[in-house]
Amino acid sequence: REPTPTVYWCGNGFDPDPFYLVRTRTEPMSLAETLRRKVHEIEPARSVFDVAPLEEHLGEAFGEDRLRTILLSFFAATALSLACVGLYGTLSYTVDVRQREVGLRLALGALREQIVKQFLLQGLRVTLLGCVAGWGLAVAFARILSGMLYGVSPTDVATLSSVIFLVLAVAGGASLVPAIRAARVEPMRVLREE
1308 REPTPTVYWC GNGFDPDPFY LVRTRTEPMS LAETLRRKVH EIEPARSVFD
1358 VAPLEEHLGE AFGEDRLRTI LLSFFAATAL SLACVGLYGT LSYTVDVRQR
1408 EVGLRLALGA LREQIVKQFL LQGLRVTLLG CVAGWGLAVA FARILSGMLY
1458 GVSPTDVATL SSVIFLVLAV AGGASLVPAI RAARVEPMRV LREE
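Here our numbering is used: position 50 in the sequence shown is 1357, and no number is missing along the way.
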């Protein structure tokens, strides 16, 4: 007797809607009608629906996780931007308040590079303190965070270090503009205003 086409699958119970994966070297959707016809020849009562490439099914399955990742990235970028704007605002205010002091120091012979360095270090000092506190909190909450991460430890030194360097680089950029503005103070104008 001729062998009949047979498909075996493992199941824990009756599944009224089984699914099949078909591997092909051609465009997957070009086989859709052929698959429907072949299944109908084997089992006329069975309907074939939802024929789609595996990437599409996986995309739907992971769509919610992808959305969460995009939202989390957006919120992280927003938080980083807010921190940057806050640091910029604080240093700009400090430059405005200390204009007389900066003008006096420049009049007495301080170099503009020293002024830039002073304000830049002031911004980075605050940021570094925040980074150390953040690292400590990450280590303290490692057990809680471990359930939310896949493939990486919550205390992964490479990840935490790269985040700290990114935050310090952004803070350096945010501190640089007010620091340069402080160095451009004209001593004579500031002293005349007093």
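It should be emphasised that the hints constitute simulated quantities derived from the structure, not laboratory data.
Just so it is clear, CB atoms sit at the ideal spot from N, CA and C, and this is done for glycine as well.
Wrong hints could be hidden among the right ones.
As the list claims (entries may be wrong) - Simulated crosslink set (SDA-like; lysine to any residue; CA at most 25 Å straight-line):
| # | residue 1 | residue 2 |
| --- | --- | --- |
| 1 | Lys1424 | Phe1472 |
| 2 | Lys1424 | Pro1461 |
| 3 | Lys1424 | Gly1393 |
Unchecked claim - Label pairs and their calculated CB-CB ranges:
| # | residue 1 | residue 2 | range |
| --- | --- | --- | --- |
| 4 | Arg1353 | Ala1465 | 49 to 59 Å |
| 5 | Ser1337 | Arg1373 | 42 to 52 Å |
| 6 | Gly1441 | Val1346 | 55 to 65 Å |
| 7 | Ile1487 | Glu1367 | 28 to 38 Å |
| 8 | Ser1460 | Arg1344 | 16 to 26 Å |
| 9 | Val1439 | Leu1415 | 56 to 66 Å |
Quick rundown of the hints versus the structure:
Taken as a hint, the Lys1424 and Phe1472 pair is honoured in the structure, with Cα atoms around 19 Å apart against an allowance of 25 Å. Between Lys1424 and Pro1461 the CA atoms are separated by roughly 34 Å; this puts the pair beyond 25 Å, and the hint is violated. The suggested pairing of Lys1424 with Gly1393 holds, with an alpha-carbon distance near 20 Å, which does not exceed 25 Å. About 52 Å separates the C-beta atoms of Arg1353 and Ala1465, a value consistent with the hinted range of 49 to 59 Å.
Range check, Ser1337 to Arg1373: Cβ separation about 28 Å, and the 42 to 52 Å hint is violated. The hinted window of 55 to 65 Å between Gly1441 and Val1346 holds, with their beta carbons roughly 56 Å apart. For Ile1487 paired with Glu1367, a C-beta distance near 51 Å fails the hint of 28 to 38 Å. Between Ser1460 and Arg1344 the beta carbon distance is about 51 Å. The supplied range of 16 to 26 Å is therefore violated.
The hinted range of 56 to 66 Å is not satisfied by Val1439 and Leu1415, whose Cβ atoms lie roughly 35 Å apart.
Violation of the numbered hints given earlier is confined to hints 2, 5, 7, 8 and 9; the remaining hints are satisfied by the structure.
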